[in-house]
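Same order as they appear, the protein sequences are chains A, B and C.
Mind the numbering: the first sequence is residues 1 to 341 in the numbering used here, read in order.
Mind the numbering: the second sequence is residues 1 to 341 in the numbering used here, read in order.
Mind the numbering: the third sequence is residues 1 to 341 in the numbering used here, read in order.
The hints are simulated quantities; they were obtained by calculation from the structure and are not laboratory data.
A few of these clues could be false.
As the list claims (entries may be wrong) - When the alpha-carbon atoms are kept at most 27 Å apart in a straight line, the in silico DSS-like pairs for lysine-lysine are as follows: (1) B:K318 - C:K318; (2) B:K318 - A:K318; (3) A:K171 - A:K318; (4) C:K285 - C:K171; (5) B:K285 - B:K88; (6) B:K171 - B:K285; (7) C:K285 - C:K88; (8) A:K88 - A:K171; (9) B:K88 - B:K171; (10) C:K171 - A:K318; (11) C:K285 - A:K318; (12) B:K285 - C:K318; (13) A:K285 - B:K285; (14) A:K88 - A:K285; (15) C:K171 - C:K88.
What the hints assert, rightly or not - Sample of chain A residues facing chain C (criterion: CB under 10 Å; computed from the structure): (16) A36; (17) P39; (18) A94; (19) P95; (20) A253; (21) G254; (22) A310; (23) Q311.
Keep in mind the model is a prediction, meaning the values are calculated, not measured.
All C-beta atoms, glycine included, are put in the ideal place defined by N, C-alpha and C.
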Amino acid sequence: MTAHAPLTARALADRFALTVHGDPDVAVVGVATLTAAGPDRLAFLSNPRYRPQLAHTAAGIVVLREADAEGFTGTALIARDPYVAYAKIAALFAPRADAPAGVHPSAVVHATASVDPTASVGPLTTIGARSVISAGATVGPGCTIGEDCVVGEGARLVARVSLVKRVRLGKRVTVHPGAVLGADGFGLAMEAGRWLNVPQLGGVVVGDDSDIGANTTIDCGALEDTVIEEDVRLDNLIQVAHNVHIGAHTAIAGCVGIAGSTRIGRYCMLAGKVGVAGHLEICDKVVVHAMTMVSASITEPGEYSSGIPAQPTREWRKNAVRIRQLDSLARRIGARAKGDE
Amino acid sequence: MTAHAPLTARALADRFALTVHGDPDVAVVGVATLTAAGPDRLAFLSNPRYRPQLAHTAAGIVVLREADAEGFTGTALIARDPYVAYAKIAALFAPRADAPAGVHPSAVVHATASVDPTASVGPLTTIGARSVISAGATVGPGCTIGEDCVVGEGARLVARVSLVKRVRLGKRVTVHPGAVLGADGFGLAMEAGRWLNVPQLGGVVVGDDSDIGANTTIDCGALEDTVIEEDVRLDNLIQVAHNVHIGAHTAIAGCVGIAGSTRIGRYCMLAGKVGVAGHLEICDKVVVHAMTMVSASITEPGEYSSGIPAQPTREWRKNAVRIRQLDSLARRIGARAKGDE
Amino acid sequence: MTAHAPLTARALADRFALTVHGDPDVAVVGVATLTAAGPDRLAFLSNPRYRPQLAHTAAGIVVLREADAEGFTGTALIARDPYVAYAKIAALFAPRADAPAGVHPSAVVHATASVDPTASVGPLTTIGARSVISAGATVGPGCTIGEDCVVGEGARLVARVSLVKRVRLGKRVTVHPGAVLGADGFGLAMEAGRWLNVPQLGGVVVGDDSDIGANTTIDCGALEDTVIEEDVRLDNLIQVAHNVHIGAHTAIAGCVGIAGSTRIGRYCMLAGKVGVAGHLEICDKVVVHAMTMVSASITEPGEYSSGIPAQPTREWRKNAVRIRQLDSLARRIGARAKGDE
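The following block holds chain A by itself, in its conformation from the complex:
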């Protein structure tokens, strides 16, 4: 990572409303972990687990809680939430990919598409009929944007993203490479022993400030739209089927699958590899732990699980056999209990 122009503890404190302990003129050119940081780097302490590293850090500045500052002899920036403060500071040092305004000459833009002059359309990207690239948006290299799509103001398709058709992205949405939005939903009817595809005529709507991870797929709706509300975070390799609705501020980790027409509330968190069946309602503020199967609606906020932790295989095999006999075992116990009476 190339070094940034130095920023002093005082400048950072002013900018983000933090308090300086120690020398306010210490300057840093980047960020690093407590153990890797040298005197020209800023580090942070948020997770108490890493507190012992504080004594040995060579970091020029450390962002931490008031309570952790006691006894620390270096320069500190005191924050109520050091991770949040760190995230904002680190953003100052983050390199930004070069994306000049204008349409690269190798891009292929349909005559009826519209690209704002302040937008950037990268090389080898295609933009289909009637699609709109809004002010300040970036469409990176190798994207395919189909017909009737909108990329909102300041949105960014990093590279090699497909918006297939009728996909409308809000402002400042980020879509990572390989994501496919607006492919046909999986709608099938069987007639005389053969599948008939049910036309998928809806679109995909993504609210402002949402992020879509690499190789994640969000299908277009059957009749109405598939909807991702604002400020949603989707990680990589997630499948969102047609007509799913995901509420604002919900975060979903990698490899989750959500079947058709399910509605997930606001401020939910789904951990990795969760599966959610179709046509369910999950209320707000539900946390689902890793590898859980959600096969019924959830109406109470709280935490839900069904994943089984690993065991040595030779023990697990015996238990797995018993699981498959569990009902008869329970009946046997019930019968004996009755007999005891």
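Knowing the structure of chain A, use the given hints to seat chains B and C on it.
The following block gives chains B and C in isolation, referenced to the frame of chain A:
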């Protein structure tokens, strides 16, 4: 969605062998749900759950079963299977992406490849040596087609599809964006503590009328081909390993993984996130429910499961501990039962 | 598959230090299975399960173990590990995709990028600022390589691969289509009810001779790098989150997900659809069976599992109900056992 030229109830009834109840001259320009449809739209009632919506619909035409028509005062098209009839009608109104015949000047086609004059090759697509694009086929933008591939008559690669090598698609096959067919299978041998890749020399064959979902991967076979028979439906983010064979009319939902050399029968249905081990045989007409692990062959048609529904985490944790002690619990019960005798 | 120039049993024996039984002048032009091979093909017998096929094979040459050669009247090449010997012989017959040195005129290479004259950059590929394509490397068609990436000597990006930023591939690394390396990790902080993205400033390092499967995603690290050591094998549709570290010679099958900052040892094997939680340590030589959830560190080599084999649904449903009551069942038994005392 742009409106279509109006079609009357009579015209639709004639075309699809349906019966009109009510005014045969009512015309519609598109389709919608029972609740969203206005007088110029056609809706359908198939799932009994939505029957109460019928009384309040403003739809110009409703497709429904004879039994549901009783008491309905609007214009109806009577169908034995309203969902099938709706699917066919909706297809008339579905917008078709613009794909003119011919090769876009930005496409890169190898000198030994052959593109039928009636086929469409979109912008920024590459076609490798000895590959063939058949009559009426569409290869959308951003695809990479390698060597020795065949895209069958009327087949459609929507956009950004990779056929890596030796992939032969039948007639009217559809492949959605991000799908990768014909990458090397995962064939490894270990020699002196290092992996050796076993050459993957087979191809991939996809039968007529099959569909492959977004970001799904189907590896080429090791020596013989990986085979998807005709009229198969694969959803998004599915992994099909080398030498898998999937029978005709089978439908597989998102996030399923099928390990190498497994053979799945005809008319099977695998729900989301199912895992199937390698070298198995699954017979025809097997239904596997969501998140099930299939680790042995299945020789009887029917339904199979092993997914566990979610519970509140504080209850689940106690149960999960017991699962891992289940064999000793069962033994204890067995011993006590013996002691009782 | 086009036929190769014939190779005799003697020539193959000399090249790979094998012993010929039978006629050393028998020549083959390719490889096939025992059942499909004709007199001009070489087959192999490794898995004892296929031994009965040996009596009926028409293969010109069979690679097998000394013990299996007894009674075989055809020409055999005796190998200690026939699968390894076969893999090396088959590689001689494997067709190689055409990738001439030089940059295809349709590729878009940044002025500050550097491409070795012996490297091949295919059509419709983009290479960003300061990236380096080393000697003998192949970047296939439709790739997007961002800023500050290195493709090592002899490495191969098959087609349509994305290296997003700060991705450094070792020598002879192979990356299959659709893979995305170096997308932002899933690092989030919440402030006043809205998500804040934590800048992801690290990169991805892949060691020599490792392979990355189709549509697999490996995120860049938050501060330090995500690391894949040498000779690792990753199958398709795997998610590797930020700051994961995977040890040398480890092989991971399709659809596995590994959460952030987890460290996996050397010579591990993870079967399909395994999920590994974040911030764990898995020691060397751990085998994890299919669909297992690893939610705690593993400190002993060996085999681990938690996947439940499928059952007919009507039986499974009863068992699944009992699983969710298991703790109270166990308590009831415990109480009764106490009562018995």
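**Prompt:** Which of the listed hints are not met by the structure?
**Reply:** Failing hints, ascending: 3, 10, 13, 17.
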